[in-house]
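Novice: Sequence:
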Amino acid sequence: MDAFRVSLSSAVSSSSHGSGHDDGDALGDVFIWGEGTGEGILGGGNSRVGSSSGAKMDCLVPKPLEFAGRLDVQNISCGGRHATLVTKQGEVYSWGEESGGRLGHGVDCDVPQPKLIDALAHMNIELVACGEYHTCAVTLSGDLYTWGNGAFNFGLSGHGNEVSHWMPKRLNGPLEGIHVSSISCGPWHTAVVTSAGQLFTFGDGSFGVLGHGDRQSISVPREVESLKGLRTVRAACGVWHTAAVVEVMVGNSSSSNCSSGKIFTWGDGDKGRLGHGDKETRLVPTCVASLVEPNFCQVACGHCFTVALTTSGHVYTMGSSVYGQLGNPQADGMVPARVEGKLHKNFVEEISCGAYHVAVLTSRTEVYTWGKGANGRLGHGDTDDRNSPTLVEALKDKQVRSVVCGINFTAAICIHKWVSGVDQSMCSGCRLPFNLRRKRHNCYNCALVFCHSCSSKKSLKASLAPNPNKPYRVCDSCYGKLNKGPETDRYSSAKRGAILQGFNDSINDDLETRSNVQLSRLSSMESFKNMDSRYSKKNKKFEFNSSRVSPIPNGSSHWSGLNISKSFGSSKKFFSASVPGSRIASRATSPVSRRTSPPRSTTPTPTLGGLTSPRVVVDGAKPIKDSVSQEVIHLRSQVENLTRKSHLLEVELERTTKQLKEAISIAGEETAKCKAAKEVIKSLTAIVEGYGREAT
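Residues 1 to 696, numbered by the UniProt record's numbering, are exactly what the sequence shown covers, in order.
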């Protein structure tokens with residue numbers, strides 16, 4: 001849920017074009033586990049969390065993130081039931097359960113696999129952060145974009161209103177011209193750190209989480225006054241509290257003064273989550289006195305606990321230990337305690353925590369987790385709680401670069417290295433050994449080694465391609481995945497082209513039939529009778545089918561049960577949501593019957609004067625030829641007119657569909673409010689029950 005500036009040192013080299021690659025060439029792959037990552041939306045399935053009680057909804061061990069191609073992932077952030085990632089190219093992808101626009105795609109539908117946010121294309125995004133109901137992104141130049149649900153009256157998006165933003169929108173106001181360096185999103189508020197060390201907060205101010213000395217909610221970013229003059233390095237947002245790493249000058253003399261990162265916390269102090277040794281609420285940032293000695297660099301907030309990391313690689317925790325999330329069985333949580341166990345001889349480089357679990361990354365690229373094990377969020381293959389750091393065995397052989405926690409799930413970025421041709425003796429596809437004739441080739445998408453036969457195709461979408469404008473060699477499997485969508489589009493376009501071509505061919509055949517009929521009138525009465533009979537049947541067929549082509553006969557059209565009149569632009573009730581739009585659109589462009597005309601004979605035509613060629617007759621009938629040509633031009637203009645009208649109807653249909661979706665989203669906001677209220681009641685009930693247990 002937090003975002004700060006990091007870079008993977010082993011990013012893909014843009015100078016390598018051959019099959020051999022050095023150790024620096026690597027691709028950031030994503031592994032994910034926990035709630036909803038099995039057959040749920042987050043895991044590429046179709047089931048929302050809570051909609052199914054099956055155990056397959058969750059994934060108990062890390063699994064690769066499903067995607068048609070490969071993404072060179074640099075950063076990732078996880079929210080409640082959605083996630084976002086940033087690629088090396090600065091593109092943002094999001095997926096998960098849609099609610100109030102938090103995915104940023106502008107439509108109210110779930111996305112089971114990472115999907116590019118088109119509104120942020122070419123923005124060169126560097127950081128992303130996910131809250132439970134909103135999402136933020138920071139560009140390389142330090143601009144902040146937010147989107148998501150603003151309907152909870154807390155100003156989650158920071159734009160000064162309570163409107164849900166379904167597309168990313170740049171945050172101006174107090175942050176105009178200020179370079180943002182890191183950001184953290186809680187369920188109900190957001191903290192922004194600038195490169196100058198300023199701390200801004202906005203959102204729900206209950207429990208004093210914004211640090212402005214009161215409990216007021218703020219819908220636009222506001223600087224935390226009490227930290228002015230100090231340099232804030234990092235901030236983290238929980239549900240009921242906030243924490244920050246602030247640089248403080250230490251030393252007895254001016255010559256020996258140096259800055260050291262200290263932990264400041266504020267908000268609700270229940271369970272000792274603030275680390276001050278009591279349960280009192282703090283409305284302004286307060287330094288944790290028991291942690292003044294170490295130098296801190298990172299901090300993370302769970303629902304009822306706090307985790308901090310020192311520059312020497314040590315982890316400290318404080319707050320509730322109900323699920324073992326403190327990582328220290330002897331800790332009471334009222335004062336900070338160091339996490340020992342298997343981390344005793346490890347240097348921790350990164351920390352992250354969800355609602356009730358913690359994940360850390362060591363200098364050995366190993367991942368340790370502890371806390372609540374429900375839904376398999378710890379990645380140990382079970383749902384048991386852990387009260388001390390436990391190695392995630394499934395990632396033991398992976399080169400993990402980053403680990404991030406969502407509310408009830410976890411994700412990690414692992415380095416996917418090139419497979420050296422020297423190290424592999426057989427093709428990864430056909431499994432035949434390499435030799436002088438069967439050369440080695442790397443796939444520029446999956447980085448595996450293949451022979452020429454198994455990697456003969458090239459693609460412009462290869463994720464490891466040094467030049468995105470040039471096609472590079474990929475294996476057959478990757479080629480199929482990379483071109484699955486485009487091939488479908490090309491097929492659809494070809495199909496539409498064939499339909500239109502068939503439409504024109506049908507008209508041309510009919511016109512040529514008419515021409516032959518008129519020419520026959522000049523030859524013989526018998527020929528005229530035969531051709532006229534054929535012409536009459538064909539003409540009737542053409543007229544009947546032409547009435548089906550017109551999208552607006554007699555001023556209205558019935559498309560799959562939809563009666564769309566000329567004035568339908570002002571009507572909003574005619575649309576039937578049960579009829580797929582694709583069927584409606586296809587019906588609008590339905591061609592006439594493409595039954596072929598009888599083959600035209602090239603034999604001479606019998607006349608009263610003997611056998612003569614039709615060409616001779618045509619030469620002697622220029623007025624008839626001109627008439628036919630004019631009729632062809634007229635009919636083709638009608639085809640163009642009908643096509644244009646069809647396109648207009650499709651545009652109007654899309655507009656009306658958009659209006660319908662907006663109406664549905666407005667109706668859904670009330671449901672979301674009710675759901676949010678239930679969540680608050682549930683949380684408060686849990687607090688009351690906790691008080692009851694303590695009292696007993």
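Treat the hints as calculated values from the structure; they're not laboratory data.
Everything numeric in this text was worked out from a predicted model, so none of it was measured.
Warning: the hint list may mix true and false statements.
Unchecked claim - Heads up, simulated EDC-like pairs for lysine to aspartate or glutamate below, C-alpha to C-alpha not over 16 Å straight-line: (1) K228 to E247; (2) K342 to E366; (3) K115 to E66; (4) K279 to D332.
Novice: Each of the hints needs a verdict: does it hold here or not?
Specialist: Structure-based check of each hint:
For a cut-off of 16 Å, the pair hint linking K228 to E247 stands: about 12 Å separates their Cα positions. Of the pairs offered as hints, the one joining K342 and E366 holds, with about 11 Å between alpha carbons and a cut-off of 16 Å not exceeded. Simply put, K115 and E66 have alpha-carbon atoms about 11 Å apart, close enough for the 16 Å limit, and the pair holds. For the proposed pair K279 and D332, the alpha carbon gap of about 13 Å is at most 16 Å, so the pair holds.
When each numbered hint is compared with the structure, no violation occurs for any of them.
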